[in-house]
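> Residues per chain, in single letters:
2 protein chains.
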Amino acid sequence: MFSRETYIARRQELKTEVKQGILLFPGNGESSMNYKDNWYPFRQDSSFLYYTGINNIPGIYFVIDIENDREILFGDDPTPEEMVWIGAATPLSDLAERSGISGVKPFKELSTFLARQKQKGNKIHFLPPYRSETTFQLSNFLGIPVGEVEKNKSEAFIKAVAKQRAVKSPEEIRELHKAVNITAKMHTYAIQNAVPGKTEKEIAGDLQAIAIGGGGNISFPIILTKNGQYLHNHATQAVIEEGDLILCDCGAETAMNYAGDMTRTFPAGKTFSPLQKQVYNIVLNAHNSAVEALKPGVRFKDIHLLACTRLTEGLKEMGLMKGNTEEAVAAGAHTLFFQCGLGHMMGMDVHDMENLGEAYVGYTEDLKKSTAFGLKSLRLGKALEPGYVLTVEPGIYFNPFLIDSWRSQKKYTEFVNYDEVEKFKGFGGIRVEEDFVITPSGSELLGEPLAKTPEDIENLKNV
Amino acid sequence: MFSRETYIARRQELKTEVKQGILLFPGNGESSMNYKDNWYPFRQDSSFLYYTGINNIPGIYFVIDIENDREILFGDDPTPEEMVWIGAATPLSDLAERSGISGVKPFKELSTFLARQKQKGNKIHFLPPYRSETTFQLSNFLGIPVGEVEKNKSEAFIKAVAKQRAVKSPEEIRELHKAVNITAKMHTYAIQNAVPGKTEKEIAGDLQAIAIGGGGNISFPIILTKNGQYLHNHATQAVIEEGDLILCDCGAETAMNYAGDMTRTFPAGKTFSPLQKQVYNIVLNAHNSAVEALKPGVRFKDIHLLACTRLTEGLKEMGLMKGNTEEAVAAGAHTLFFQCGLGHMMGMDVHDMENLGEAYVGYTEDLKKSTAFGLKSLRLGKALEPGYVLTVEPGIYFNPFLIDSWRSQKKYTEFVNYDEVEKFKGFGGIRVEEDFVITPSGSELLGEPLAKTPEDIENLKNV
Numbered sequence: 079m080f081s082r083e084t085y086i087a088r089r090q091e092l093k094t095e096v097k098q099g100i101l102l103f104p105g106n107g108e109s110s111m112n113y114k115d116n117w118y119p120f121r122q123d124s125s126f127l128y129y130t131g132i133n134n135i136p137g138i139y140f141v142i143d144i145e146n147d148r149e150i151l152f153g154d155d156p157t158p159e160e161m162v163w164i165g166a167a168t169p170l171s172d173l174a175e176r177s178g179i180s181g182v183k184p185f186k187e188l189s190t191f192l193a194r195q196k197q198k199g200n201k202i203h204f205l206p207p208y209r210s211e212t213t214f215q216l217s218n219f220l221g222i223p224v225g226e227v228e229k230n231k232s233e234a235f236i237k238a239v240a241k242q243r244a245v246k247s248p249e250e251i252r253e254l255h256k257a258v259n260i261t262a263k264m265h266t267y268a269i270q271n272a273v274p275g276k277t278e279k280e281i282a283g284d285l286q287a288i289a290i291g292g293g294g295n296i297s298f299p300i301i302l303t304k305n306g307q308y309l310h311n312h313a314t315q316a317v318i319e320e321g322d323l324i325l326c327d328c329g330a331e332t333a334m335n336y337a338g339d340m341t342r343t344f345p346a347g348k349t350f351s352p353l354q355k356q357v358y359n360i361v362l363n364a365h366n367s368a369v370e371a372l373k374p375g376v377r378f379k380d381i382h383l384l385a386c387t388r389l390t391e392g393l394k395e396m397g398l399m400k401g402n403t404e405e406a407v408a409a410g411a412h413t414l415f416f417q418c419g420l421g422h423m424m425g426m427d428v429h430d431m432e433n434l435g436e437a438y439v440g441y442t443e444d445l446k447k448s449t450a451f452g453l454k455s456l457r458l459g460k461a462l463e464p465g466y467v468l469t470v471e472p473g474i475y476f477n478p479f480l481i482d483s484w485r486s487q488k489k490y491t492e493f494v495n496y497d498e499v500e501k502f503k504g505f506g507g508i509r510v511e512e513d514f515v516i517t518p519s520g521s522e523l524l525g526e527p528l529a530k531t532p533e534d535i536e537n538l539k540n541v
Numbered sequence: 079m080f081s082r083e084t085y086i087a088r089r090q091e092l093k094t095e096v097k098q099g100i101l102l103f104p105g106n107g108e109s110s111m112n113y114k115d116n117w118y119p120f121r122q123d124s125s126f127l128y129y130t131g132i133n134n135i136p137g138i139y140f141v142i143d144i145e146n147d148r149e150i151l152f153g154d155d156p157t158p159e160e161m162v163w164i165g166a167a168t169p170l171s172d173l174a175e176r177s178g179i180s181g182v183k184p185f186k187e188l189s190t191f192l193a194r195q196k197q198k199g200n201k202i203h204f205l206p207p208y209r210s211e212t213t214f215q216l217s218n219f220l221g222i223p224v225g226e227v228e229k230n231k232s233e234a235f236i237k238a239v240a241k242q243r244a245v246k247s248p249e250e251i252r253e254l255h256k257a258v259n260i261t262a263k264m265h266t267y268a269i270q271n272a273v274p275g276k277t278e279k280e281i282a283g284d285l286q287a288i289a290i291g292g293g294g295n296i297s298f299p300i301i302l303t304k305n306g307q308y309l310h311n312h313a314t315q316a317v318i319e320e321g322d323l324i325l326c327d328c329g330a331e332t333a334m335n336y337a338g339d340m341t342r343t344f345p346a347g348k349t350f351s352p353l354q355k356q357v358y359n360i361v362l363n364a365h366n367s368a369v370e371a372l373k374p375g376v377r378f379k380d381i382h383l384l385a386c387t388r389l390t391e392g393l394k395e396m397g398l399m400k401g402n403t404e405e406a407v408a409a410g411a412h413t414l415f416f417q418c419g420l421g422h423m424m425g426m427d428v429h430d431m432e433n434l435g436e437a438y439v440g441y442t443e444d445l446k447k448s449t450a451f452g453l454k455s456l457r458l459g460k461a462l463e464p465g466y467v468l469t470v471e472p473g474i475y476f477n478p479f480l481i482d483s484w485r486s487q488k489k490y491t492e493f494v495n496y497d498e499v500e501k502f503k504g505f506g507g508i509r510v511e512e513d514f515v516i517t518p519s520g521s522e523l524l525g526e527p528l529a530k531t532p533e534d535i536e537n538l539k540n541v
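Note that the protein sequences, when read in sequence, are chains A and B. Going by my numbering, the first sequence opens with residue 79, and the numbers climb by one from there. Going by my numbering, the second sequence opens with residue 79, and the numbers climb by one from there.
Quick caveat, the hints were computed from the structure, so don't treat them as lab data. Please read all numbers here as calculations on a predicted model, not as lab measurements. Cβ coordinates follow ideal geometry from the N, Cα and C atoms, glycine included. A portion of the hints provided could be inaccurate.
[Unchecked claim] Have a look at the derived ranges for each label pair, beta carbon to beta carbon:
1. B:Gly137 with A:Glu522: 52 to 58 Å
2. A:Asn271 with B:Gly321: 55 to 61 Å
3. A:Arg194 with B:Gly375: 55 to 61 Å
4. A:Leu353 with B:Arg252: 43 to 49 Å
5. B:Gly397 with A:Thr168: 31 to 37 Å
6. A:Asn271 with B:Asn146: 39 to 45 Å
7. B:Gly225 with A:Arg377: 44 to 50 Å
8. A:Asp172 with B:Glu175: 56 to 62 Å
9. A:Val317 with B:Arg148: 35 to 41 Å
10. B:Glu145 with A:Pro169: 42 to 48 Å
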């Protein structure tokens, strides 16, 4: 937990921004796996955490009542009989106190409290829910049909939270450095241990152990695959073989739920093949160009397009693409190889605040997200500001389904040498990803640097 | 996946048992963690798996239409664009074929299909849902208010499934042996590595890695704690210290989702203290007595009470309890030290079929579950049958909250020497748990035997 003052200040800023009504923060509950009481690891909602700092307590709600200038935590301490199962728990009143919240009430009073506020005509603001349980609770508490909860979300509340959480404070940056350093440890392990004979899942399990040992857990499902051409391909029981190119995209989140997210691509054997190295260097060059361009005021969409340009130049040099680079990128021909976005905001959520909506988090009134293939997967487009934390993760992916499909449609034939591309259908995919905080003059890498050139990766493998 | 014939036979038996109507199996969907698309590891519903064998495909439903003697899998193959993200997927028609299911239809036709069946007056049977998403889907598909879905569950369907899944086939037993062997590896690791200086979470992470490396995942949240007096106390960031008694209760589930579940309690240092050994041997003696009593026809409730008797005898010898043993157990005085049940069914769910309801899975019309403290946590009471798979897990837990609360209430003062018990408030808890299959003549241990006496555990620690 950060200091009491931190949370008080955050809530003060939020109240000043939203101005009126009741701000409702539904805490997450336990999430059932294969029967009601067999639970997935508990994860508190990030906005709840951001404004209260109270972690690891399922089934509590927090309310900021701007109208009456009070803050109330609704929840129940465990009974002695519940403590037979779960052990001692810090009383909610202590937790509230550490966060500077003065009021604690039993959970059963929440319903009446909200009904009374509604009756008084006070607006009850809530963020868009992403778990069915929460939708269902909001429906009950607020008397809104389940199917209509989503559309009753508060835009004013969303905007205020998105604005505030987007800019990371120095203490948050320190926590993010920590998350990325644990993440880098995971990658070092993968680079050194994802060798022929191991299964993808064995390595993925070991990586999760490093994340858990770091005090938190993984920040998203681990991608550890010899089939890196598929963007979100999770670890399977496939056995790693000599010659495989392994793509590892994983991250830890700290005990305070700040996330890291990195990708490295490396050979299962001792060295990259010359061809693997060639494609790798195109991606790395695009990556480095993008990183150099990071600074306040620059639109991330433009940096994305810069990376696409670098990728296209490289692919042209290899004879896989042709024609005018600028035209190819404008047409979207490079999306045959780079089907997604260059990066996303990162914070307490690995795709930070994704549940608030990309329209608010990654774009503006003046810059809406494109619906074109490729750009529609770019989660962040708007101009950067100091304190933004984001990933940079260009890649080249030879997806055989897409190649076949577009070739048969004669798509982008003026920019793509399909006969050459055909030879890469078994190549796989390469991505290089790091995390940065935007500074007043540019950007700073989060975490200690980790081997990134083919040579450094080979050296790290073979220490 | 087992053989095609296995699944066909299971469904045939089920149809014969339920006789009429539509049997609806909602497959699980993805479960959101901190925003919609950041998912917990996917876990298919166990009854869905039992009757189809189709694993790892979220968002599909299976229907057995007894009225028209047909079986249909409702779901959609990924589009080429979805394959950009998730890669190649086996077509649903292939998966259906492997399971002997003849029909596959797009998911969007499910709603119309069910509406038509309802119109025809066919009973649509479903099992009690345990995820809000499923409740919400059933509400929509069947036109039942969300709050009334649960009470519309089909008792005939529940009973038929509970009866069938309770008796494990030889191929299931093989899979359970595998699950328990992976589980035993986790315990061996814990016994050897949960040493002073490590955090509970570091060890828990490593244990999860072993489970994942085994091809599946953990079967329930890992309990790895120096505070074993709390029954379900999960791993924390507490640092293990010399003198700590570590309780590890964990299990793996295989790639086919069969679960293991074992507990060992061991010293963090090299040896048990004489006092720790003394309490341990009371638990072990109760454990061994219970195991010897396992055989068809014996009620598990009676074996539970036998274990309680052994525990009480031991606690009396130590001067912690007093009075007539039989009367103490009948009164429930031992529940100050053993607050829960002796064991539970185990299968594809670690608490097998818990979502179907303990009234059906663990009890009968003639033997209802007791509501008394202690017995109300006994999930299995009924007479054993060959093929049942269950855990045996007695324990002694010195819970300071319960001791204080009962002492102040003067509860069981004729059976409890509170002055002596007071001295054990910092002792912790001890549990010994193994898994068994009931055979025609008794029982068989699942998995290879793992060190269980204090001496064997000390030897295993110090190899």
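> So, for every hint listed, does it hold in this structure?
Hints and how they fare:
1. A hinted range of 52 to 58 Å is violated for the C-beta pair Gly137 of chain B and Glu522 of chain A, which are about 41 Å apart.
2. Between Asn271 of chain A and Gly321 of chain B the C-beta distance comes to about 34 Å, which lies outside the given range of 55 to 61 Å.
3. In this structure, Arg194 of chain A and Gly375 of chain B meet the distance hint of 55 to 61 Å, their C-beta atoms being roughly 60 Å apart.
4. A beta carbon spacing of about 45 Å between Leu353 of chain A and Arg252 of chain B agrees with the range 43 to 49 Å that was offered as a hint.
5. Take Gly397 of chain B and Thr168 of chain A: their Cβ atoms lie about 34 Å apart, and the range 31 to 37 Å holds.
6. Between Asn271 of chain A and Asn146 of chain B, the C-beta spacing of about 54 Å breaks the proposed range 39 to 45 Å.
7. A hinted range of 44 to 50 Å for the beta carbons of Gly225 of chain B and Arg377 of chain A is consistent with their spacing of about 48 Å.
8. Checked against the given bound of 56 to 62 Å, the beta carbons of Asp172 of chain A and Glu175 of chain B, roughly 59 Å apart, stay inside it.
9. Checking the proposed 35 to 41 Å range against Val317 of chain A and Arg148 of chain B shows it holds: the Cβ atoms sit about 39 Å from each other.
10. Roughly 57 Å separates the CB atoms of Glu145 of chain B and Pro169 of chain A, a value that falls outside the hinted 42 to 48 Å.
Of the numbered hints given earlier, the model fails hints 1, 2, 6, 10; all others are met.
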